[in-house]
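There are 2 protein chains.
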Amino acid sequence: MMTPRFGPVWIDIPFDVQSSTLLRREWRVPRIEKPSVNSSEICKIVDALAHSKRPLILCGHGVRLSRADSHFQQVIRRLQVPVSASWSAIDVVNSDYGIFVGRWGLYGQRAANFIVQSADLLVVFGSRLAIPQVGYDFSQFAREAKIIVVDIEPCKHPVYLQIVGDCKDVLEGLLNQRLSSWTDTSGWLAHCRGLLDKYPTVEKAHEVDKHVNSYQFIQELSKHLSSDHIVVTDMGTALLSGHQAIQLKQKQKMFTSLGLGEMGYGLPGALGAAFACPDKEVLCLNCDGGIMMNIQELHTIIEHGLNVKIVIFNNDGYLMIKHTQKMLFKGRYVQVDKKTGVGLPDFSKVLPAFGYKYFKATGLDDRNRSVIRDFLADAQPSVLEVFMDAEQPFVPKVKGIALPDGKIKPAPLEDMYPLIPIDALQKALLVRCTKSSADAIRCD
Amino acid sequence: MMTPRFGPVWIDIPFDVQSSTLLRREWRVPRIEKPSVNSSEICKIVDALAHSKRPLILCGHGVRLSRADSHFQQVIRRLQVPVSASWSAIDVVNSDYGIFVGRWGLYGQRAANFIVQSADLLVVFGSRLAIPQVGYDFSQFAREAKIIVVDIEPCKHPVYLQIVGDCKDVLEGLLNQRLSSWTDTSGWLAHCRGLLDKYPTVEKAHEVDKHVNSYQFIQELSKHLSSDHIVVTDMGTALLSGHQAIQLKQKQKMFTSLGLGEMGYGLPGALGAAFACPDKEVLCLNCDGGIMMNIQELHTIIEHGLNVKIVIFNNDGYLMIKHTQKMLFKGRYVQVDKKTGVGLPDFSKVLPAFGYKYFKATGLDDRNRSVIRDFLADAQPSVLEVFMDAEQPFVPKVKGIALPDGKIKPAPLEDMYPLIPIDALQKALLVRCTKSSADAIRCD
Numbered sequence: 229m230m231t232p233r234f235g236p237v238w239i240d241i242p243f244d245v246q247s248s249t250l251l252r253r254e255w256r257v258p259r260i261e262k263p264s265v266n267s268s269e270i271c272k273i274v275d276a277l278a279h280s281k282r283p284l285i286l287c288g289h290g291v292r293l294s295r296a297d298s299h300f301q302q303v304i305r306r307l308q309v310p311v312s313a314s315w316s317a318i319d320v321v322n323s324d325y326g327i328f329v330g331r332w333g334l335y336g337q338r339a340a341n342f343i344v345q346s347a348d349l350l351v352v353f354g355s356r357l358a359i360p361q362v363g364y365d366f367s368q369f370a371r372e373a374k375i376i377v378v379d380i381e382p383c384k385h386p387v388y389l390q391i392v393g394d395c396k397d398v399l400e401g402l403l404n405q406r407l408s409s410w411t412d413t414s415g416w417l418a419h420c421r422g423l424l425d426k427y428p429t430v431e432k433a434h435e436v437d438k439h440v441n442s443y444q445f446i447q448e449l450s451k452h453l454s455s456d457h458i459v460v461t462d463m464g465t466a467l468l469s470g471h472q473a474i475q476l477k478q479k480q481k482m483f484t485s486l487g488l489g490e491m492g493y494g495l496p497g498a499l500g501a502a503f504a505c506p507d508k509e510v511l512c513l514n515c516d517g518g519i520m521m522n523i524q525e526l527h528t529i530i531e532h533g534l535n536v537k538i539v540i541f542n543n544d545g546y547l548m549i550k551h552t553q554k555m556l557f558k559g560r561y562v563q564v565d566k567k568t569g570v571g572l573p574d575f576s577k578v579l580p581a582f583g584y585k586y587f588k589a590t591g592l593d594d595r596n597r598s599v600i601r602d603f604l605a606d607a608q609p610s611v612l613e614v615f616m617d618a619e620q621p622f623v624p625k626v627k628g629i630a631l632p633d634g635k636i637k638p639a640p641l642e643d644m645y646p647l648i649p650i651d652a653l654q655k656a657l658l659v660r661c662t663k664s665s666a667d668a669i670r671c672d
Numbered sequence: 229m230m231t232p233r234f235g236p237v238w239i240d241i242p243f244d245v246q247s248s249t250l251l252r253r254e255w256r257v258p259r260i261e262k263p264s265v266n267s268s269e270i271c272k273i274v275d276a277l278a279h280s281k282r283p284l285i286l287c288g289h290g291v292r293l294s295r296a297d298s299h300f301q302q303v304i305r306r307l308q309v310p311v312s313a314s315w316s317a318i319d320v321v322n323s324d325y326g327i328f329v330g331r332w333g334l335y336g337q338r339a340a341n342f343i344v345q346s347a348d349l350l351v352v353f354g355s356r357l358a359i360p361q362v363g364y365d366f367s368q369f370a371r372e373a374k375i376i377v378v379d380i381e382p383c384k385h386p387v388y389l390q391i392v393g394d395c396k397d398v399l400e401g402l403l404n405q406r407l408s409s410w411t412d413t414s415g416w417l418a419h420c421r422g423l424l425d426k427y428p429t430v431e432k433a434h435e436v437d438k439h440v441n442s443y444q445f446i447q448e449l450s451k452h453l454s455s456d457h458i459v460v461t462d463m464g465t466a467l468l469s470g471h472q473a474i475q476l477k478q479k480q481k482m483f484t485s486l487g488l489g490e491m492g493y494g495l496p497g498a499l500g501a502a503f504a505c506p507d508k509e510v511l512c513l514n515c516d517g518g519i520m521m522n523i524q525e526l527h528t529i530i531e532h533g534l535n536v537k538i539v540i541f542n543n544d545g546y547l548m549i550k551h552t553q554k555m556l557f558k559g560r561y562v563q564v565d566k567k568t569g570v571g572l573p574d575f576s577k578v579l580p581a582f583g584y585k586y587f588k589a590t591g592l593d594d595r596n597r598s599v600i601r602d603f604l605a606d607a608q609p610s611v612l613e614v615f616m617d618a619e620q621p622f623v624p625k626v627k628g629i630a631l632p633d634g635k636i637k638p639a640p641l642e643d644m645y646p647l648i649p650i651d652a653l654q655k656a657l658l659v660r661c662t663k664s665s666a667d668a669i670r671c672d
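Chains A and B supply the protein sequences, listed in that same order.
The opening residue of the first sequence carries number 229 in the working numbering; numbering runs sequentially from there.
The opening residue of the second sequence carries number 229 in the working numbering; numbering runs sequentially from there.
Derived by calculation from the structure, the hints in this document are not laboratory data.
Fair warning: there could be bad hints in the mix.
Copies of the same chain look alike in the list, so a pair counts if it works inside one copy or between any two.
Straight-line C-alpha distance at most 30 Å; calculated BS3-like pairs for lysine-lysine [what the hints assert, rightly or not]:
#1 K481 - K432
#2 K577 - K567
#3 K577 - K588
#4 K577 - K566
#5 K566 - K585
#6 K508 - K566
#7 K508 - K567
#8 K635 - K625
This structure is a prediction, so every number in the text was calculated from the model and none was measured.
Sequences and hints are given; from them, build the entire structure.
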């Protein structure tokens with residue numbers, strides 16, 4: 229059966245079929261029936277937008293899958309509504325789009341999460357609103373907003389309006405509408421801009437005395453990427469600080485394996501990108517733990533002369549698993565770093581043996597910044613090892629919040645660690661903060 | 229359900245059970261009921277042996293699984309019957325046991341296959357007689373022999389007698405019997421010994437002018453192993469020439485992943501052996517193609533200071549797959565060597581970068597033999613790269629034989645490539661050769 233949803237397909241060909249002789253025959257791929265979108269549904273979106281005081285558009289990967297990137301760009305420019313994107317749609321909306329408010333979610337950006345939670349209308353394109361986007365308690369998500377979801381499959385959450393259809397059809401429908409007579413949203417836009425200024429992506433928690441903070445590094449790296457760089461990440465530090473802190477310009481692409489989150493994806497993902505786009509520069513963000521899973525692909529890159537550069541974040545093992553063991557097992561580490569059985573080789577020897585030029589960054593001062601530039605400018609296949617604090621936290625993030633009675637409650641999306649004072653939280657929100665936020669133990 | 233058959237078990241613990249609090253409670257592993265063996269079955273084996281003129285005992289891995297190695301040794305020494313072993317029981321019977329006739333099967337030893345096919349009685353311990361042991365047409369296997377199979381699960385082939393039970397119980401039963409009044413088998417033993425002399429494991433097809441033939445190499449290597457060396461192989465050349473040509477002494481162990489045959493097994497298998505037996509020397513036979521699958525484990529060996537040495541057969545890619553593509557696709561190579569997309573790194577650089585001392589063998593003259601000795605004697609973790617002919621055939625082997633009408637028929641176990649003249653074949657057999665052997669096109 230063929231469904232309208234795009235995606236990889238596993239085809240299993242039995243051994244007897246493999247060895248059969250087939251007659252050549254015309255074969256037509258059956259036309260896939262897309263659910264049709266009717267104009268009354270388009271009108272409902274327009275109507276909701278027209279009456280909203282705090283509208284927000286959320287962009288998911290379905291926009292890319294329906295090949296509607298440019299339609300989406302046109303619609304948001306026409307509507308002049310703030311936009312947030314999920315990680316899987318990270319390069320559909322450019323970081324420099326005027327009212328781009330950042331990426332929302334459990335590992336979102338703080339300002340973006342305030343804005344999502346404060347909205348009175350969410351129009352969601354091509355996202356199924358999975359847990360990383362909405363948290364563990366859907367009733368706390370955008371709790372004063374009408375939610376309209378446009379997606380190729382039905383949304384599992386109870387929302388104001390579901391439009392089951394192709395994003396492109398709906399976006400085309402919107403472009404055909406006269407969009408006028410709006411409620412004044414200038415206050416809302418000013419509020420959003422204020423939050424973006426007050427809560428930048430790289431925040432106080434990312435400041436370090438020694439080593440390199442991976443979020444600061446990614447922010448610095450973003451400045452030096454070429455205008456059409458392709459960035460592919462592995463998991464852990466590469467995934468989190470990569471997706472939380474990167475600034476993407478038009479034409480830059482970024483992707484990873486979000487569904488499975490498997491360590492080892494980075495190198496094969498990057499070399500796949502390089503085979504597909506031989507004229508572009510590919511940057512693989514990787515980690516010392518994850519790169520070992522498929523380290524043989526270091527050679528594939530060299531063998532085929534692929535244009536791939538590699539960043540290795542050195543954090544002595546499996547940093548995300550360390551944080552899990554801190555959170556759930558009181559920091560009793562098992563198989564996460566050199567001390568507990570996961571030592572890693574000397575990359576300054578191994579990478580050159582495969583044929584890479586080796587660079588390293590131990591800070592972010594002028595000398596190290598020039599190393600980053602040299603690394604990116606080098607004509608050879610090269611690697612940059614970034615030495616970070618082996619216990620660096622991944623923040624901001626939404627996690628359970630501790631109440632005075634010792635219980636842990638799922639936090640709403642706006643209340644990210646490190647927790648900010650309750651006054652500041654309430655000021656950033658245009659809706660009431662939750663009871664659990666009000667009751668939570670806050671350190672400062 | 230627990231079955232009497234030993235083996236690895238996958239236990240899947242659901243997430244909610246993982247996070248439950250359990251009360252401490254006594255738990256007894258239920259006793260596994262083994263099928264019982266009765267004395268009349270033992271008597272039938274004794275009776276069959278007493279009346280056989282050409283008896284042969286076949287040893288499979290079930291003997292090891294039933295922890296009956298020493299019982300098996302005692303029984304064969306008492307009976308003075310010739311013995312052959314499968315690859316998975318390669319170290320249950322020593323190569324220097326007086327009437328050990330080698331290993332039988334599709335990739336068996338030529339003399340062993342003649343002997344299996346000539347026997348009038350096979351007593352099989354702990355083997356399910358899978359295709360690699362009997363070929364594709366069971367009716368051609370040991371076609372004049374009574375076959376008695378002792379195994380923990382029923383044999384799927386029609387045989388003279390099945391004893392479903394634990395090998396150890398049956399072997400103990402045999403040791404309790406008075407074994408006397410045998411038919412005279414001296415002629416049979418002389419025939420077996422004649423075949424072993426005439427058809428040694430390393431034969432004319434293994435002679436090479438340049439490079440190293442992997443079979444000759446393994447034969448040479450066998451001479452230098454310590455008395456309790458553990459040998460673990462990867463697939464391809466390491467598997468085939470390893471298992472076909474090695475001579476094992478008492479206390480030496482050898483194993484690989486025969487059921488799945490997955491490239492990449494060698495390094496993790498070897499380091500597992502080294503963790504289990506820290507006082508023994510472990511030798512990993514590997515290949516340039518297969519070692520790449522889990523090359524990160526090179527570091528695990530170094531990190532934990534494991535006593536593992538590595539042989540890498542360099543045959544420019546995937547030699548077994550080359551032979552498959554020759555056999556089935558007229559040698560139109562796809563993704564098997566450097567020319568067709570599978571280049572490999574320079575191991576003389578990569579291995580030292582991980583911390584190994586590097587040796588190489590380019591022949592088998594005195595200088596190269598001393599390299600082999602130096603490699604094995606070296607106190608450091610070390611690797612020996614063996615440069616072989618990138619197209620070296622794996623012989624002897626049983627494969628389909630071509631008939632004059634162009635058809636291909638499955639060959640009987642005795643008719644191995646390279647095919648020997650029909651007169652010699654018939655002389656080596658004490659049963660009639662098959663019609664397909666008689667009709668087959670033979671080059672010499």
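Outcome of the hint check:
no. : hint        : verdict
1   : K481 - K432 : within (28 Å within a copy, 59 Å between copies)
2   : K577 - K567 : both (21 Å within a copy, 28 Å between copies)
3   : K577 - K588 : both (12 Å within a copy, 21 Å between copies)
4   : K577 - K566 : both (18 Å within a copy, 25 Å between copies)
5   : K566 - K585 : both (25 Å within a copy, 23 Å between copies)
6   : K508 - K566 : between (37 Å within a copy, 25 Å between copies)
7   : K508 - K567 : between (40 Å within a copy, 25 Å between copies)
8   : K635 - K625 : within (19 Å within a copy, 68 Å between copies)
The earlier numbered hints are all upheld by this structure, with none contradicted.
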